[in-house]
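Protein chains in written order, with the working numbering: chain X, 1 to 194; chain C, 1 to 194.
In case anyone wonders, no lab produced these hints; they're calculated from the structure. On a predicted model such as this, the values are computed, not experimentally measured, just so you know.
Rough simulated footprint, nothing fancy, chain C against chain X, three-plus residues with beta-carbon under 8 Å: (1) 38–49; (2) 113–127; (3) 172–179.
In silico DSS-like links for lysine-lysine, alpha-carbon gap of 25 Å or less: (4) K41/X to K185/C; (5) K153/X to K189/X; (6) K41/C to K185/X; (7) K36/C to K153/C.
Note that beta-carbon positions come from the ideal geometry of N, C-alpha and C, so glycine has one too.
2 protein chains.
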Amino acid sequence: MKKYAFALALICAAAIGLNSQTAPPASAPQFTPDGKVVLPKDYREWVFLSAGVGMTYGAAEAGRQQNFDNVFVNPAAYRVFLQTGRWPDHTMFVVEQRAASSEGTVNKGSVGRYQSDLISIGAEVKDPSRAPEGEWAYFSFGKNSDNAPLLPKTAACYSCHSQNAAVENTFVQFYPTLLPVARAKGALKPGFKQ
Amino acid sequence: MKKYAFALALICAAAIGLNSQTAPPASAPQFTPDGKVVLPKDYREWVFLSAGVGMTYGAAEAGRQQNFDNVFVNPAAYRVFLQTGRWPDHTMFVVEQRAASSEGTVNKGSVGRYQSDLISIGAEVKDPSRAPEGEWAYFSFGKNSDNAPLLPKTAACYSCHSQNAAVENTFVQFYPTLLPVARAKGALKPGFKQ
Numbered sequence: 001m002k003k004y005a006f007a008l009a010l011i012c013a014a015a016i017g018l019n020s021q022t023a024p025p026a027s028a029p030q031f032t033p034d035g036k037v038v039l040p041k042d043y044r045e046w047v048f049l050s051a052g053v054g055m056t057y058g059a060a061e062a063g064r065q066q067n068f069d070n071v072f073v074n075p076a077a078y079r080v081f082l083q084t085g086r087w088p089d090h091t092m093f094v095v096e097q098r099a100a101s102s103e104g105t106v107n108k109g110s111v112g113r114y115q116s117d118l119i120s121i122g123a124e125v126k127d128p129s130r131a132p133e134g135e136w137a138y139f140s141f142g143k144n145s146d147n148a149p150l151l152p153k154t155a156a157c158y159s160c161h162s163q164n165a166a167v168e169n170t171f172v173q174f175y176p177t178l179l180p181v182a183r184a185k186g187a188l189k190p191g192f193k194q
Numbered sequence: 001m002k003k004y005a006f007a008l009a010l011i012c013a014a015a016i017g018l019n020s021q022t023a024p025p026a027s028a029p030q031f032t033p034d035g036k037v038v039l040p041k042d043y044r045e046w047v048f049l050s051a052g053v054g055m056t057y058g059a060a061e062a063g064r065q066q067n068f069d070n071v072f073v074n075p076a077a078y079r080v081f082l083q084t085g086r087w088p089d090h091t092m093f094v095v096e097q098r099a100a101s102s103e104g105t106v107n108k109g110s111v112g113r114y115q116s117d118l119i120s121i122g123a124e125v126k127d128p129s130r131a132p133e134g135e136w137a138y139f140s141f142g143k144n145s146d147n148a149p150l151l152p153k154t155a156a157c158y159s160c161h162s163q164n165a166a167v168e169n170t171f172v173q174f175y176p177t178l179l180p181v182a183r184a185k186g187a188l189k190p191g192f193k194q
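Can you make the complete structure from the sequences, with help from the hints?
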């Protein structure tokens with residue numbers, strides 16, 4: 001009987017071990033001891049929300065280079081949003097800016113553009129204990145840096161997201177698969193119109 | 001002792017059950033009995049490779065609407081590619097076309113565009129047992145259809161991907177995080193130039 005229990009324990013441990021190897025990596029935001037947010041090594045495997053091109057925060061800027069932006073969110077937060085239309089604490093968005101290229105095989109001579117070099121990375125984290133005020137905190141990564149300090153509350157992102165975003169401080173109006181979820185769950189900000 | 005073994009078995013079963021609930025869904029392509037590929041319900045949670053805008057397969061078409069395209073690949077195949085620079089059997093790409101919108105909060109008056117309504121979905125699957133020739137098979141989903149028949153080998157996708165793609169039949173030249181992997185692994189097609 002002892003042998004049986006021991007064998008069962010071994011099988012159990014093996015099963016748990018096997019599962020933990022195949023389970024998705026934890027996707028909650030990580031911070032350095034001095035409060036910088038760490039760029040998750042696997043953020044490109046997070047859930048993609050949308051991409052834009054030439055998006056600006058104000059009036060058109062003539063001659064401005066039109067970059068792409070890609071938005072990713074941590075999978076755990078995404079799943080909560082699908083259920084509730086709202087973001088849980090420890091939601092983390094990673095936003096990439098990438099150059100737009102137009103020369104390449106197949107696409108030659110076309111007016112199309114595709115993504116190439118990384119230009120910048122920013123992050124938005126829902127964490128009232130870190131946000132200078134409210135619930136959302138903003139971070140900007142330097143070139144090739146794997147962590148980023150908190151931006152001060154005077155940075156434009158705080159007021160712009162707070163005033164213009166469709167759900168909390170997030171631009172769900174630009175995420176075509178999430179906008180219907182927010183609508184269905186009644187999570188759009190009162191007065192938000194697109 | 002029997003009780004102990006029984007309790008251990010219960011814990012073991014619970015642990016396996018719990019893990020199977022949190023484990024990622026299997027991402028290999030699924031087919032109907034008559035050979036249509038099934039649109040994975042969770043493909044938006046697959047790994048995003050890149051987005052383009054106005055990409056065409058030939059010369060510029062004046063006045064043609066510039067749509068976005070998003071490319072997703074099943075996570076299991078993505079992980080093999082990162083290790084080897086090559087795609088395993090049962091790799092599946094899902095390509096979305098989405099309309100480009102330019103009116104909306106924040107982005108008002110800007111030249112920027114963001115993604116909105118879904119226009120079409122296609123799939124590319126590595127499966128020599130299904131491809132009409134070679135290893136890669138192509139599928140086109142109808143409006144609101146959750147499965148798609150195999151396209152005949154006369155469809156343009158077969159020859160275009162075969163002739164122009166950087167790695168096997170896949171346009172890795174347009175996926176900025178995978179192109180360096182393919183280069184490092186020596187997986188670019190002989191003669192491929194960008």
